[in-house]
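Peer 1: Letter by letter, the chains look like this.
2 protein chains.
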Amino acid sequence: MNARIRDADLVIEGGMVITMAQGQAPISNGRVLIKDGIITDIHSRNEKCEGPGVQAEVIDAKDAIVMPGLINAHTHAAMTLFRGLADDLPLKQWLFEKIFPAEAKYLNPDTVYWGSLLGCLEMIASGTTCIADGYFFQDETVRAVHESGLRGLIAQGIIDFPAPGVPDPTKNLMVAKEFIERWLGFSTLITPGLFCHSPVTCSEQTLKGAWEISRRFDLPLQIHLSETSDEINEIIKRTGKRPVFYLDRLGLIDKGLIAAHAIHLDEMEISRVFKKGMKIVHVPESNMKLCAGIAPIRDMVNAGLTVGLGTDGCSSNNNLDLFCEMDTAAKLSKIYDLDPVGLNANTVVKMATSLGASVLGLEKEIGTLEIGKRADIIVVDTHQPHLCPVYDPLSAIVYSANGADVKDVIVNGKVLMKNRGFTTLDPVEIIEKVKVISSNISI
Amino acid sequence: MNARIRDADLVIEGGMVITMAQGQAPISNGRVLIKDGIITDIHSRNEKCEGPGVQAEVIDAKDAIVMPGLINAHTHAAMTLFRGLADDLPLKQWLFEKIFPAEAKYLNPDTVYWGSLLGCLEMIASGTTCIADGYFFQDETVRAVHESGLRGLIAQGIIDFPAPGVPDPTKNLMVAKEFIERWLGFSTLITPGLFCHSPVTCSEQTLKGAWEISRRFDLPLQIHLSETSDEINEIIKRTGKRPVFYLDRLGLIDKGLIAAHAIHLDEMEISRVFKKGMKIVHVPESNMKLCAGIAPIRDMVNAGLTVGLGTDGCSSNNNLDLFCEMDTAAKLSKIYDLDPVGLNANTVVKMATSLGASVLGLEKEIGTLEIGKRADIIVVDTHQPHLCPVYDPLSAIVYSANGADVKDVIVNGKVLMKNRGFTTLDPVEIIEKVKVISSNISI
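The listed protein sequences derive, respectively, from chains A and B.
Residue numbering for the first sequence follows this note's numbering, beginning at 619 and increasing consecutively.
Residue numbering for the second sequence follows this note's numbering, beginning at 619 and increasing consecutively.
Looking at chain A on its own, in the form it has when it is part of the complex (with noise of 0.2 angstroms):
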């Protein structure tokens, strides 16, 4: 028997694979070996018949897709909390008049986990595997995400207002570098890290000292750059630079800066953003509910930026599937762009994986499935009338499933989903406690 069968302590049987690595055909009849949270061998099994060793734990991938986790590259697991509270409104309204009040009104430590809990019970289901989270509260998020096997860079949030566990925004630098200081080292799966609100929300000073902290523990900064036109009037009229150019002089336009949104950039903006590296993060939903804005995503593939895939904080999505957000991605650029190719199903399930790692700099851990990456691996059970037939994976992935189709998760060679049965988190107990919490929020 194949040495790495023999070893090999997870192997997921079957199924067409996409490894999503460059130039890889799908495997079909695959077999994916797994060793102490390593891919050691990924093959057909018309090529080699043995079965795994007797000590393996087996997943079924029979009439499956298997292929790399999705990566959720900007969300706010917690706001679970608040789905659905305050629809049908303008940004502005969304944001001032319900949603920060209701945060300044019911976010705690307990209300953060549970509503972390959530929404990484919410992730695990619908396939996600690496989150990259920004929020208050955030030790609690970290306890969430730790509790539920996912991968993730977790990041305090920065704000020159008053905000959640943080009253005194003088303090939120130094809150900040302490979470930072926490969590280093806690574990392999997860990074804490600093999210700095906007560009508008945050002065100069606080910019530039996040940046700064960021820098000296080489962690990337999250920020949400250039949601709303006025957005980009307020930064002209305070700076006199359009948003990229302001950050840029402050020396935040860096492959070390991950910006979600990032709706209204001009060409030269652009340009300036793929000189210096910066990564961007897609939010198709929530820019489209929120009517932000159609990010010229397209534009910004073909001209070599690195964009990955997000769904906000799912209050305005209304929830955290990234296969939906696949889809609409895909779907947006062509009517936007009014070309039918240019975001096509690969492009998007590249964002949602590949390009994904590389926004988060997790590249050569995570983000395709090959021999000596990590085992962040999902399986879609494509046994179901919506997924007859499979002409193309891709675009089975990307236009004909949702969450719900992903049968198991695997994370780092961890099973967290299994025949759709959870194994860290306890779904009843998180629902009912969140059902709970949620009958005493009003706004």
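Bear in mind the hints are in silico, worked out from the structure with no lab data behind them.
None of the values given here were measured: they were computed from a predicted structure.
Do not take every clue at face value.
Stated by the list, open to error - The list that follows gives simulated cross-link-like pairs (lysine-lysine, BS3-like), each with its CA atoms no further than 30 angstroms apart:
id, chain 1, residue 1, chain 2, residue 2
1, B, 1036, A, 1053
2, A, 1051, B, 1053
3, A, 893, A, 855
4, A, 795, A, 982
5, A, 1036, B, 1053
6, A, 710, A, 1053
7, A, 1036, A, 666
8, B, 666, A, 1053
9, A, 653, A, 666
10, B, 1051, A, 1036
We have chain A already, so just place chain B on it with the hints.
Peer 2: Chain B only, in chain A's frame:
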């Protein structure tokens, strides 16, 4: 015991009942009584505590939303056969180089039957209870829809080219008329009808002939209208008029005409459509995917037009999930109209239920849950991570749910799906059969 409770043969117990009847608030902890396919009572269990009669079948709707079944007002069920066969292509290339040749080569009574069965299976699985279908070999679609238990307006396709099953286009009206005569009165659930492919692909004579037949039998006529700007230009070139005015000259702009797509209508056309009562079906995902354009649905709804919702054939979507379609309809209007309020959750649920019923001329029978109406009802399981919490059930339906959340489906008082188990169709047989058919398809 209340006589209606005692006499019911089917009872839906518990859950939040959204009737979609004008002005009626959701009923929490509801009970819906059904006898002989008719809704006989809807009340809160808090008011009437007696349980159901011992003879009644009971659907448990605890932790669920009970609502009218969704109406897919424009689809081509058998096109499941071509799901994902040709993606990321412009409409013309998709249609003329891929779909028309695939239809010519692979459609026959057997493939249309199995493709339609798969479409019905998928639609039941995602909460659709009534469809408006237009295609070829429609005897087979009638047979499939009849076996599935769905309600449907099933229309024979008419086009002035050699078509599947109608090699001689001079006979297309005769074939269609015979189709109607064959199926009229066959079942209370199935209404036969005609479907003219478009004003471009059907001559003036064909359009008038189809309209005349439809009027003779008092049946709606379905048509694709103003899907691309090329089509508008072609019609103007041929007739000197925009499509709505051209069809109006022929007498077709009338409450008996159901026009799908209706993207490129100007204000004058919208005003004429309103005056004449023509019905419109919005198919946003197909329109986006094929780069056809964005229909001004908010303006149409505001102008008082009757607008339903459809998936189109799933080869341009690529699924038949009306929950996804509602989400896309709402978000697309927000970003297109830059108006977060215009097409809100309530309006799009109406488009998929009560307005859809009006489009099909079935508003007295279905579309809302009211005493005396036919029991076309779905139960949506909200005890799931992505549907917690529920501050507003309509928002949860539109922005958070997808078709896989539908637990039970009832049409005309008959349970077609219970706890996700199908009662009329065999999913394994259908999926395996379509896999075999599709393994021979390439284009």
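Peer 1: Does each hint fit the structure? Answer for all of them.
Peer 2: Comparing the hints with the structure gives:
Restraint check for residue 1036 of chain B and residue 1053 of chain A: satisfied, since their Cα atoms lie roughly 26 angstroms apart, inside the 30 angstroms limit. About 43 angstroms separates the Cα atoms of residue 1051 of chain A and residue 1053 of chain B, which puts this hinted pair outside 30 angstroms; it is violated. For a cut-off of 30 angstroms, the pair hint linking residue 893 of chain A to residue 855 of chain A stands: about 25 angstroms separates their Cα positions. Straight-line distance between C-alpha atoms of residue 795 of chain A and residue 982 of chain A comes to about 26 angstroms, which keeps the hinted pair within the 30 angstroms bound.
Distance check on the hinted pair: residue 1036 of chain A and residue 1053 of chain B sit about 26 angstroms apart at the alpha-carbon level, within 30 angstroms; holds. Annotation: proposed proximity of residue 710 of chain A to residue 1053 of chain A holds, straight-line Cα distance about 27 angstroms (limit 30 angstroms). The straight-line distance between the Cα atoms of residue 1036 of chain A and residue 666 of chain A is roughly 25 angstroms, inside the 30 angstroms bound, and the hint therefore holds. Taking the CA atoms of residue 666 of chain B and residue 1053 of chain A, the gap is near 26 angstroms; set against the 30 angstroms cutoff, the hint holds.
For the hint linking residue 653 of chain A to residue 666 of chain A, the alpha-carbon distance of about 18 angstroms falls within 30 angstroms, and the restraint holds. Distance check on the hinted pair: residue 1051 of chain B and residue 1036 of chain A sit about 28 angstroms apart at the alpha-carbon level, within 30 angstroms; holds.
The structure is inconsistent with hint 2 alone, although it conforms to all the rest.
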